[in-house]
Amino acid sequence: MSSDVITAAIYARKSVEEDSSNSVDNQIERGISYCKLQGWNYIVYRDEGISGKDTNREGFQQMMKDAEKGRFQYIITYKLDRISRNVADFANFTKKLDQLGIGYISLTENFDTSTPIGRAMMYIAAVFAQLERETIAERVRDNMLDNAKKGLYLGGPIPFGYEKGYEEVEIHGKKKRFTIPKINPDEAEIVRKFYNWYLEFGGSLRRVAYKANQDGIRTKNGRLWSAIKIARILSNPLYCIADEAAYRYFKNETQVILASDKSDFNGKNGLRAYNRRRNSRNAEKLRDESEWIISVGMHQGIIPGEIWVAVQKKLKENANKPPRKGTGYKGLLSYLIRCGKCGAPMGYYTMKKKKGNKKEFGYYRCSTKYYYGGDCDQKNINAEVIETAIIDTLKKVCSDRIFVENALRKAKELIEKKKAPLLKELERLKREIEKNNMEIKNLIVALGRQTLPENLIEERIKELQQDNIELNNRIVDINNELSILGSSDDVDVVFDHIKKFETSFDSMDFEQKRFFLRTIIKDIIVEDDTATVNLFFVPSQNIGGLVNSSRTE
5 MSSDVITAAI YARKSVEEDS SNSVDNQIER GISYCKLQGW NYIVYRDEGI
55 SGKDTNREGF QQMMKDAEKG RFQYIITYKL DRISRNVADF ANFTKKLDQL
105 GIGYISLTEN FDTSTPIGRA MMYIAAVFAQ LERETIAERV RDNMLDNAKK
155 GLYLGGPIPF GYEKGYEEVE IHGKKKRFTI PKINPDEAEI VRKFYNWYLE
205 FGGSLRRVAY KANQDGIRTK NGRLWSAIKI ARILSNPLYC IADEAAYRYF
255 KNETQVILAS DKSDFNGKNG LRAYNRRRNS RNAEKLRDES EWIISVGMHQ
305 GIIPGEIWVA VQKKLKENAN KPPRKGTGYK GLLSYLIRCG KCGAPMGYYT
355 MKKKKGNKKE FGYYRCSTKY YYGGDCDQKN INAEVIETAI IDTLKKVCSD
405 RIFVENALRK AKELIEKKKA PLLKELERLK REIEKNNMEI KNLIVALGRQ
455 TLPENLIEER IKELQQDNIE LNNRIVDINN ELSILGSSDD VDVVFDHIKK
505 FETSFDSMDF EQKRFFLRTI IKDIIVEDDT ATVNLFFVPS QNIGGLVNSS
555 RTE
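Residues in the sequence shown are numbered consecutively from 5, following the working numbering.
No incorrect hints appear here.
Pairwise CB distance ranges, derived in the manner of DEER restraints:
no., residue 1, residue 2, range
1, N446, R281, 52 to 62 Å
2, D29, F514, 44 to 54 Å
3, Q516, E72, 32 to 42 Å
Derived EDC-like pairs: lysine to aspartate or glutamate, alpha-carbon spacing no greater than 16 Å straight-line:
no., residue 1, residue 2
4, K345, D527
5, K255, D265
6, K224, E191
7, K383, E531
8, K83, E33
9, K439, E474
10, K320, D292
11, K266, E248
12, K423, E485
13, K345, D533
14, K422, D481
15, K421, E485
16, K100, D70
17, K83, D29
Just so you know, these hints were derived from the structure itself, not from any lab.
All C-beta atoms in this analysis are idealised placements derived from N, C-alpha and C, irrespective of residue type, glycine included.
Using the sequences and the hints given, assemble the complete structure.
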């Protein structure tokens, strides 16, 4: 990249709610076209499916880090709101650009940040962008409350205990057809059992899941029950019958917004909960109770209010309890051991050796067996037995210098063998991009001289730009593959640890030992009384006879 040529950062963002015409690729294409016309180099940053409510975005943060390193002189976006719809964030952004001497260009609003008027107009536009976002959010809340008052089902999978039904509802003088959950008698009876079992078992979600699986009860998808799945059913207001007990609970013992009057609690219909969950980038999170909207739905309830309320109180009581003793992650091999029969992790637990004896011992147990019942017959493994066996095996392996040196050489050869075609492909892709860029440059010259029809030139430029996007995506994939493969230096680090294992391990404290083991062990697969230890860059080791005579079932 030549130092006398201006470089621009092209930043593109699209949230999940926006239509495809405003796609990230379209925004990038506009930015690239602008840079080509200016004769500038460019670097692309993108955030896909992320809201502009703040600047906590991976692509944006990387761009700002590169800005501080002086990698570009301008930032280009399709529109101002691609940066942020929050005025405070936008003000901080422009202040930062001032400090770094970086210009900002909005392709659609045509802002010129070098003039006071341009800067003022930019701030005004930012204010309106935030106002628009807040207005939309307020409108969504109003619509949600309006729908809650009608008890409408707003979509999503039909919960266990119900099946899909339909009903016509009159809204603003017009009849519309809505989905209404209809009771499935067989599943509804199972839901009643879950609530009764939970109270009968003293509030044990795991015991409810275990009994359901032992009794051959399966989910709608034919899968096993887990404590989490049971908890979702037990905490869902959908199952609660809207009766006097339910009304008293939500009115006097919670902070929810009640969208229905007391007279609507007729002892027949079920309840609907709106605005309970907030979608984040990676998962759903429960909102604060004060944001929930509870109303009487159009469907029938299954669980009487008194029972539903009793279960909620027990759930809250158990949620505030400290973790149960005998569980946790204090095993030396925690996170490394997996069940060879079902593939599930094997967790570390403790129990007393004999009744009345305070001495405890640890063991590893298949999580499928623990959480889902008896569908996996892998025996529990005494922790001391397997930990000792694995450490002894590693010491024996690590003390064989000829074996270690041969493994080191083969590991490096394998990495280089896998990297060679990837590096060759990387060079080819870069040459293709350079070739396309040269053709685009010539086409822009032809466009200026009008030696070819304008529509043909523009069409060809778009083809080449799309080709470059695909080539760059492949380059990113290859770089990721190369990163996963690692380098000879990575191999040296692992083997340095292996060489030190025999002399250093015994003098380490517990946490140091756990960390050390994770640097040389990929995983440990246990099946019956045999363990296969898979090491980084070293052939796997098999260890037998792991089931100790101590009772761990």
